[in-house]
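So you can see what is in the structure, the chains are spelled out below.
2 protein chains.
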Amino acid sequence: MSMRTLTVGLGERSYPIHIGPGLIGQHALLAPHLASGRTVVITNETVASLYAESVERSLALAGATNLRVVLADGESQKRWETLDAVFGELLRAQVDRRTVVVALGGGVVGDLAGFVAATYQRGIPFIQVPTTLLAQVDSSVGGKTGINHALGKNMVGAFHQPLAVIADTSTLDTLPDRELAAGLAEVIKYGAIRDAAFFAWLETNVDRLREREPVALAHAIVRSCEIKAEIVALDEREAGPRALLNFGHTFGHAIEALEGYGTWLHGEAVAVGMVMAANLSARLGRLARADADRLETLVRRAGLPIDPPTLAREAWLRAMGRDKKNEAGRITLILLDRLGMAAIEKDAPQRELEALLSGR
Amino acid sequence: MSMRTLTVGLGERSYPIHIGPGLIGQHALLAPHLASGRTVVITNETVASLYAESVERSLALAGATNLRVVLADGESQKRWETLDAVFGELLRAQVDRRTVVVALGGGVVGDLAGFVAATYQRGIPFIQVPTTLLAQVDSSVGGKTGINHALGKNMVGAFHQPLAVIADTSTLDTLPDRELAAGLAEVIKYGAIRDAAFFAWLETNVDRLREREPVALAHAIVRSCEIKAEIVALDEREAGPRALLNFGHTFGHAIEALEGYGTWLHGEAVAVGMVMAANLSARLGRLARADADRLETLVRRAGLPIDPPTLAREAWLRAMGRDKKNEAGRITLILLDRLGMAAIEKDAPQRELEALLSGR
Chain A
311 MSMRTLTVGL
321 GERSYPIHIG
331 PGLIGQHALL
341 APHLASGRTV
351 VITNETVASL
361 YAESVERSLA
371 LAGATNLRVV
381 LADGESQKRW
391 ETLDAVFGEL
401 LRAQVDRRTV
411 VVALGGGVVG
421 DLAGFVAATY
431 QRGIPFIQVP
441 TTLLAQVDSS
451 VGGKTGINHA
461 LGKNMVGAFH
471 QPLAVIADTS
481 TLDTLPDREL
491 AAGLAEVIKY
501 GAIRDAAFFA
511 WLETNVDRLR
521 EREPVALAHA
531 IVRSCEIKAE
541 IVALDEREAG
551 PRALLNFGHT
561 FGHAIEALEG
571 YGTWLHGEAV
581 AVGMVMAANL
591 SARLGRLARA
601 DADRLETLVR
611 RAGLPIDPPT
621 LAREAWLRAM
631 GRDKKNEAGR
641 ITLILLDRLG
651 MAAIEKDAPQ
661 RELEALLSGR
Chain B
311 MSMRTLTVGL
321 GERSYPIHIG
331 PGLIGQHALL
341 APHLASGRTV
351 VITNETVASL
361 YAESVERSLA
371 LAGATNLRVV
381 LADGESQKRW
391 ETLDAVFGEL
401 LRAQVDRRTV
411 VVALGGGVVG
421 DLAGFVAATY
431 QRGIPFIQVP
441 TTLLAQVDSS
451 VGGKTGINHA
461 LGKNMVGAFH
471 QPLAVIADTS
481 TLDTLPDREL
491 AAGLAEVIKY
501 GAIRDAAFFA
511 WLETNVDRLR
521 EREPVALAHA
531 IVRSCEIKAE
541 IVALDEREAG
551 PRALLNFGHT
561 FGHAIEALEG
571 YGTWLHGEAV
581 AVGMVMAANL
591 SARLGRLARA
601 DADRLETLVR
611 RAGLPIDPPT
621 LAREAWLRAM
631 GRDKKNEAGR
641 ITLILLDRLG
651 MAAIEKDAPQ
661 RELEALLSGR
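So the sequence lines, in the order shown, correspond to chains A and B. Numbering-wise, my numbering puts 460 at position 150 of the first sequence, and it's gapless, one number per residue. Numbering-wise, my numbering puts 466 at position 156 of the second sequence, and it's gapless, one number per residue.
One chain only, chain A, in its complex shape (with noise of 0.2 angstroms):
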């Protein structure tokens, strides 16, 4: 396996995505960006134990002087505390516009590092490092930062794009199972939304993306960035098409919220989500029985949950009530129409929405 490069095309703002084994330690890849030759790596406990080292050393073979900033782990760090403590570090060492923040980690880290890079000073560079599945196939690309609000999920962000984006294959190695499954659902959410072949590849190798066979990983990586970045490209702030990767994400987040950050990991949260919302279509016949079937098997398969925790109708509504998609207190959702295939929903059915969210 060798280096795949693809390219997010935003005009002036494009820049590449690079996937493959071993990149942290390839510096040449971090070179081009470090003009001002000073840059802030932002990474939690866990990954800094297992990466920071080599992150570190690329960037000085760069030519970079570095300052480290650890977070603690966990989505419960994406709020506004840890921002302000974060700014407090950078201005203490007297961190200045032209110093690039390098985000190693999960969605957490790239989430709340990137938003960082969007406000520190009005803004400056920043690079993203995924280190999880769900950053490298999701969150790392388009530019989406962002911290969460007691009421709501990623309520408080900035469109920011990284400069690059450089997604090392090899950290994978070390992430637990848990947080493996949590990314596949984003990787069958491209599927579903977009892809019929690739869902109906993901049915056949889910399998082997469990037990991290390589060469599966880096096609089921690099087909959800293409998806991604073909899509961002089209819509970069979400006016329109953007909104179908939210496919699951109106239930997930809801789900996330009420049962308190960091205690569903995201992409379980969208798993239940996606099975939610092909059981919705379904009922309202846009999509075949067998069809919604085929999901929730293959979310069951890469050892996800598919049912929604109990909770109240009522707590679902408000929750879903303070949507980033939502106009003029209509809830938007997006559904399927069959596999492969999505829609933007303005105004979702509000008798079968309930019928569902009760059980029904």
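Hint data in this document are derived by calculation from the structure and do not stem from the laboratory. If you're wondering where the values come from, they're calculated on a predicted model, not measured in any experiment. From the three backbone atoms N, C-alpha and C, an ideal C-beta is built for every residue, glycine too. Hints may contain errors.
Claimed, not checked - Derived contacts from chain A toward chain B, CB cut-off under 7 angstroms, selection only:
| # | residue |
| --- | --- |
| 1 | 401 |
| 2 | 403 |
| 3 | 468 |
| 4 | 631 |
As the list claims (entries may be wrong) - Covered stretches of chain B, as calculated for chain A (at least 3 residues, CB under 8 angstroms):
| # | stretch |
| --- | --- |
| 5 | 352 to 363 |
| 6 | 396 to 403 |
| 7 | 428 to 434 |
| 8 | 625 to 636 |
Claimed, not checked - Pairwise CB distance ranges, derived in the manner of DEER restraints:
| # | chain 1 | residue 1 | chain 2 | residue 2 | range |
| --- | --- | --- | --- | --- | --- |
| 9 | B | 657 | A | 386 | 38 to 46 angstroms |
| 10 | A | 408 | B | 603 | 56 to 64 angstroms |
| 11 | B | 547 | A | 595 | 49 to 57 angstroms |
| 12 | B | 570 | A | 408 | 27 to 35 angstroms |
| 13 | B | 628 | A | 460 | 28 to 36 angstroms |
Since the structure of chain A is already known, use the hints to place chain B on it.
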């Protein structure tokens, strides 16, 4: 006097600045920006009691449904706790991405409400309705938004351009003298850095301005906005010449941070900072002593302070070391070569700067 309209030329992000008396009552200026029919007026207690109802009347005539959010007064509100509370109000009201924020007030409200708009659900549109001289001539134009950090002024923020700036000069009738003078500091700045003839006009007309003679005030506001719009169009994100607008601000921000936000008005701190920067320019032989004296005289005649507070040299240098213009640990300053001509100095001579800060 009639309305004047200037344009900030930023391609697809270009927008108008309307300047004139009674504009808050003209709903036709708002209507083109309110396609979604939903607005959030963010203001403070003082301004709400004076102008919120008339703005909301215009919004209603323009067909919008409004949510009013009222902050406590003062610079100390530019902090995360305030933002977090505002986000909570918007989320509980299910404010969506197409809703337009209307920032009604002075610089604090504009900076904070602008940053709310920049980061709520990763960005929503906003309109600036500045009601202080300082906001009308400076902070409402150019898209700088943000909050303070305990370690530095405006250290967290974003560039987020408004849809329009509506500067109703009638609102200056209710402005306290101290706030009017603070606004004059920024007006003087434009003359000092960019327009010697305007500087001379200010020397002739400063008493009329302090007496709020409407024709004089209107001229000062229009000329200030012309200069600001020109520089912002050249350099939206402050990669180069926009830093000239920071004349007096490196010293001024240090005063604000060290003395406690809100103790000095921003314009007062900038006034002293301009005198300090001019004196340093004269010490370095760049500016004629007589011109530094002219600046000091005009600042004093505008009702503004000219003497810095007594602060330890180390405190000055530490606070100035955190300025956003700095690179690689060196303090960047804006100096004058003559009245009407400023320059960026990226490596301020340490010996002369320390002598100035030591009061020698």
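Against the structure, the hints:
With 7 angstroms as the threshold, the beta carbon of residue 401 of chain A comes within range of chain B, its nearest partner Cβ sitting at about 4 angstroms, so the hint holds. Evaluation of the residue 403 of chain A hint against chain B yields a violated restraint, the C-beta minimum of about 10 angstroms exceeding 7 angstroms. For the restraint placing residue 468 of chain A at the interface with chain B, the shortest Cβ-Cβ distance is roughly 6 angstroms, inside the 7 angstroms limit, so the hint holds. Checking residue 631 of chain A against chain B: minimum C-beta separation of about 6 angstroms stays under 7 angstroms; hint holds.
Counting residues of the stretch 352 to 363 of chain B whose CB falls under 8 angstroms from any CB of chain A gives 0; the rule of at least 3 is not met. A stretch counts as covered by a chain when three or more of its residues have a beta carbon under 8 angstroms from one of that chain; for the stretch 396 to 403 of chain B and chain A the count is 4, and the coverage holds. Proximity of the stretch 428 to 434 of chain B to chain A, defined as three or more residues with a beta carbon under 8 angstroms from a beta carbon of that chain, is established by the 6 residues found. Coverage of the stretch 625 to 636 of chain B by chain A holds in this model, with 4 residues showing a Cβ closer than 8 angstroms to a Cβ of that chain against a need of three.
A hinted range of 38 to 46 angstroms for the beta carbons of residue 657 of chain B and residue 386 of chain A is consistent with their spacing of about 43 angstroms. Roughly 37 angstroms separates the CB atoms of residue 408 of chain A and residue 603 of chain B, a value that falls outside the hinted 56 to 64 angstroms. Restraint check, residue 547 of chain B to residue 595 of chain A: a C-beta distance of roughly 50 angstroms satisfies the suggested window 49 to 57 angstroms. As the Cβ distance of residue 570 of chain B to residue 408 of chain A is approximately 30 angstroms, the hint placing it in 27 to 35 angstroms holds.
In this structure the hint that residue 628 of chain B and residue 460 of chain A lie 28 to 36 angstroms apart at CB holds, the actual value being about 35 angstroms.
Taken one by one, the earlier hints fail for this structure at numbers 2, 5 and 10, listed in ascending order.
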